Amino acid sequence: MLSRSRRSAAALLAVCGLAAGTLAACGSGPSGGPAVVTVLGSWTGDEQAGFLAMVRGFEHRTGIQVDYTGTRDADAVLASDLKDGNPPDLAVLSRPGELRQDAADGTLVPIDAALSQQRLARQYAPGWRSLMQAAGPSGARHYYAIIVKAALKSVIWYDPAQFPAGDLSALRSPSLTWDQLTALVRKLARGGVTPWCLGLEDSSDSGWPGTDWIEDIVLHRSGPAVYDQWIAGTLPWTSAPIRRAWQIFGSVATTSGLVRGGAAAALVTSYGQAGQPLFTRPPRCYLDHEASFITAFYTQDQLGGSPHAHPRPRTDFDFIKFPPLSPAGQGSAEVAGDLLGMFRATPAARKLIGYLTTPAAQEAWIRRPGSGALSVNRLVPLRDYPDPVSRELAADLLSTASVRFDASDSMPQIMENAFNNAVLEYLDDPGQLGVILSGLDQVRKASY
Amino acid sequence: MPAAGVAPPAPASSPAAPAGPGLAARGGWLRDGTPGQLRRLLLTILAATVLLWLAATIVVQGLHSTAAAVRDQDAPAFTDATEAHAVLSDADRAAWQSFRSGEAQLTGPGQQYQNDITTAGQDLERLAALAPSGTASQQLQTVSGQLVNYQSLVEEADAANRADIALGNASGHDLGYAYLTYSTSAMRDPQGGLLASVDGLTGADKQVLDQTLRSWWASPVLLVLVAAAAAWVLFQIIWAQRFLLRRFRRMISPPLVLAAVLTAGLLAWVLTTALSAESAFGAARGTALPALTRVWQSQTSAVNAQAAALRAGQALSADLTSARDVGALPAGIPVLAAAIAGLTLLGFKLRLDEYRR
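Here the protein sequences come in this chain order: U and W. Using my numbering, the letters of the first sequence correspond one by one to residues 1 to 448. Using my numbering, the letters of the second sequence correspond one by one to residues 1 to 357.
Do not take every clue at face value.
Stated by the list, open to error - Sample of chain W residues lacking proximity to chain U, with all beta carbon distances greater than 10 Å (derived):
no. : residue
1   : 41
2   : 93
3   : 175
4   : 182
5   : 193
6   : 194
7   : 225
8   : 258
9   : 338
To be verified - Pair by pair, the computed Cβ-Cβ distance ranges are:
no. : chain 1 : residue 1 : chain 2 : residue 2 : range
10  : W       : 115       : U       : 439       : 54 to 64 Å
11  : W       : 211       : U       : 282       : 46 to 56 Å
12  : U       : 384       : W       : 125       : 24 to 34 Å
13  : U       : 347       : W       : 231       : 47 to 57 Å
14  : W       : 125       : U       : 273       : 32 to 42 Å
15  : U       : 441       : W       : 163       : 17 to 27 Å
16  : W       : 137       : U       : 441       : 56 to 66 Å
17  : W       : 211       : U       : 141       : 29 to 39 Å
18  : U       : 121       : W       : 216       : 32 to 42 Å
19  : W       : 190       : U       : 125       : 34 to 44 Å
20  : U       : 432       : W       : 188       : 28 to 38 Å
Stated by the list, open to error - Heads up, incomplete: computed chain U residues facing chain W, CB under 8 Å, no partners named:
no. : residue
21  : 72
22  : 331
23  : 392
24  : 414
These are computed hints drawn from the structure, not numbers from a lab. Only a predicted model underlies this, so the values are computations on that prediction, with no experimental measurement involved. Positions of the beta carbon are idealized from the N, C-alpha and C atoms, including for glycine.
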């Protein structure tokens with residue numbers, strides 16, 4: 001796969017060698033190409049286009065080329081790259097747990113030098129800044145990643161145009177509780193349409209949409225304190241709050257008639273396609289519990305089966321916040337973010353890291369209609385979001401009093417993988433819950 | 001060689017012996033009358049011969065290295081990447097067939113799956129050996145990581161399937177099939193799946209191959225350079241011959257005639273070899289490469305087709321054999337150029353010697 005120019009140069013050099021001393025014109029040295037930053041991430045399709053739009057200004061301004069590889073199996077690929085000792089310069093990490101692990105073992109390089117501390121303090125809330133930091137091999141805390149984009153996870157989506165009109169106000173009520181939502185769901189089910197859309201498939205990360213369900217139930221039922229203990233590995237999986245959360249999730253996912261296609265269909269339905277039935281005429285499900293980034297999929301879906309019409313925000317899809325299951329769970333929200341860490345410290349990689357934290361870079365992505373991206377940079381104005389739904393999501397993301405990062409993403413990677421797989425096993429055989437939770441506790445004891 | 005019975009001509013200017021090795025005397029050896037003209041002609045022909053040697057060497061070496069690169073590097077990289085796509089696609093089909101037929105209970109994803117994965121692994125190994133560091137290497141690493149990930153999902157499917165069977169789950173072994181679905185998704189996701197990544201490699205390799213086959217070195221345009229250099233040599237030799245005929249009234253100089261014949265022969269040799277190579281490049285570009293691409297496309301659309309059919313990639317290599325084979329030309333060029341120069345020197349030496357006597 002040598003390039004043509006390199007081969008031509010090699011041929012010319014060979015000839016020059018033959019005619020050394022007789023043809024001075026042959027003597028041309030190799031030219032240094034532009035600096036390149038290699039980036040590995042899980043963004044593909046529109047998300048990839050969003051990131052490339054984000055870095056385009058950087059490339060123009062600096063002449064540095066950003067060579068991005070996007071695959072849904074980025075974690076597995078990164079693990080393989082690290083094992084081979086040839087990681088990319090920068091890689092997207094969707095898990096603070098992974099960030100902490102890689103920082104502690106020295107795989108990640110601190111990025112403090114690439115960032116202006118004062119600017120960071122002005123632009124990012126303390127909670128988000130804390131997420132970018134981790135303890136290095138010496139135990140000292142450094143910045144090891146930046147948050148490229150964020151998502152609000154505690155949301156439930158519906159189609160305002162198709163949701164039964166008589167129940168719309170109840171659904172939109174700011175004081176909606178889980179019990180009220182459950183009653184509404186059962187009423188919808190009696191109407192002949194399965195209320196919930198659900199899809200757990202995501203290649204090697206399959207199962208995470210189920211973990212999001214369980215995490216939201218834990219957070220909104222038992223509150224942030226219990227949630228934090230669970231993440232920290234001090235609360236057993238077999239404890240009452242966690243077991244109860246699984247059971248509540250099971251009451252939705254494994255109860256006949258509540259999930260479109262039943263648990264078997266949910267196992268093999270992609271999370272990105274799970275919400276498509278919201279937009280068929282008539283709808284085949286009414287509610288979809290997905291993170292804010294799902295709007296990127298919705299805007300690509302067909303509206304009413306027409307390949308030329310796509311759902312529009314507010315008109316065809318809107319959201320409610322995940323309702324509290326108890327007073328302890330009020331006012332909290334689960335969030336997630338894509339962190340970008342540095343595995344090879346090069347001047348070009350440092351420059352890119354510095355650039356991506358700026359409001360200008362963040363705006364380039366969030367401005368794209370249907371991108372589903374949210375920025376946690378406080379200097380990015382809400383008016384820059386392209387539609388009212390994303391504006392509202394961004395406002396909620398920045399204003400929610402008690403924000404908690406995705407629990408599974410915050411756990412050690414082994415624990416997270418076990419959690420994902422456990423959700424799949426639970427849906428396959430809900431009767432095994434006791435065995436599954438005991439198994440998770442075994443992993444907890446070994447991985448913390 | 002003076003012709004019998006013909007008196008030596010009176011030199012246009014006296015070939016006076018130099019008085020000594022003075023600077024002025026040395027500087028005048030090109031300007032002095034007929035000997036100076038002879039020396040100037042000789043130098044011109046020698047310079048033209050050197051130019052011919054350089055032009056022919058550059059063209060033949062460029063052609064040779066281009067053909068070698070296509071045959072040893074670009075074409076194998078393209079066919080390996082293409083084959084990797086086909087066998088991976090077939091591995092997915094084979095795994096599903098094994099599960100559907102119930103064979104998986106005893107043999108997991110099956111022997112065909114194992115064979116396909118082994119072949120894909122070998123393809124990727126060869127690609128890694130051919131890939132330079134940089135983007136292509138990074139892409140290969142991505143593909144390798146995705147392949148490991150795909151295999152682990154199939155293994156999970158196998159384990160879950162066996163567990164379902166052991167538990168006597170009569171509901172259709174949902175979890176095993178679920179994992180198999182995830183493995184298929186990991187492979188076939190058009191946005192960043194394993195096959196999409198392999199296609200990225202194939203596309204890059206095809207682009208490089210295509211560019212090489214259309215490169216300057218594979219183009220007859222460069223031959224004009226050689227032809228021009230040879231024409232200049234021939235013209236100078238003929239001019240010298242005429243000069244000798246007029247000035248010395250001698251018969252045609254045999255060494256110069258031989259030099260002219262060798263020049264024409266060298267040109268014919270270079271042209272024949274280069275045009276034959278160009279024709280081979282054209283065949284590869286116009287026939288073998290599109291044929292291989294067609295086979296690949298049909299394989300993509302029908303995963304059940306035999307992956308071995310893709311071995312048609314060998315036709316591409318066969319086409320390029322003749323392009324790569326420049327025979328003894330690389331050695332012949334300097335020998336013939338030296339012979340032309342030597343004969344020219346000889347042809348002029350005889351005349352110049354007359355002035356030294």
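Comparing the hints with the structure gives:
1. 41: 21 Å, holds
2. 93: With a cut-off of 10 Å, residue 93(W) remains clear of chain U, as the shortest Cβ separation is near 18 Å.
3. 175: 4 Å, violated
4. 182: 5 Å, violated
5. 193: 7 Å, violated
6. 194: 8 Å, violated
7. 225: 13 Å, holds
8. 258: 25 Å, holds
9. 338: The assertion about residue 338(W) holds, with a minimum of 13 Å to chain U.
10. 115(W) - 439(U): 54 to 64 Å: For residue 439(U) against residue 115(W), whose Cβ atoms are near 35 Å apart, the range 54 to 64 Å is violated.
11. 211(W) - 282(U): 46 to 56 Å: Once the Cβ atoms are compared, 54 Å apart, the range 46 to 56 Å for residue 282(U) and residue 211(W) holds.
12. 384(U) - 125(W): 24 to 34 Å: 48 Å, violated
13. 347(U) - 231(W): 47 to 57 Å: 54 Å Cβ-Cβ, so the 47 to 57 Å window holds.
14. 125(W) - 273(U): 32 to 42 Å: 36 Å, holds
15. 441(U) - 163(W): 17 to 27 Å: This hint holds: roughly 20 Å between Cβ atoms.
16. 137(W) - 441(U): 56 to 66 Å: Between residue 137(W) and residue 441(U), where Cβ atoms are some 43 Å apart, the hint is violated.
17. 211(W) - 141(U): 29 to 39 Å: 50 Å, violated
18. 121(U) - 216(W): 32 to 42 Å: 57 Å, violated
19. 190(W) - 125(U): 34 to 44 Å: 38 Å, holds
20. 432(U) - 188(W): 28 to 38 Å: 30 Å, holds
21. 72: 5 Å, holds
22. 331: Violated, because the Cβ-Cβ distance from residue 331(U) to chain W comes to roughly 36 Å (cut-off 8 Å).
23. 392: 28 Å, violated
24. 414: This hint is violated: residue 414(U) lies away from chain W, its Cβ roughly 14 Å from the closest one there, beyond 8 Å.
Violation of the numbered hints given earlier is confined to hints 3, 4, 5, 6, 10, 12, 16, 17, 18, 22, 23, 24; the remaining hints are satisfied by the structure.
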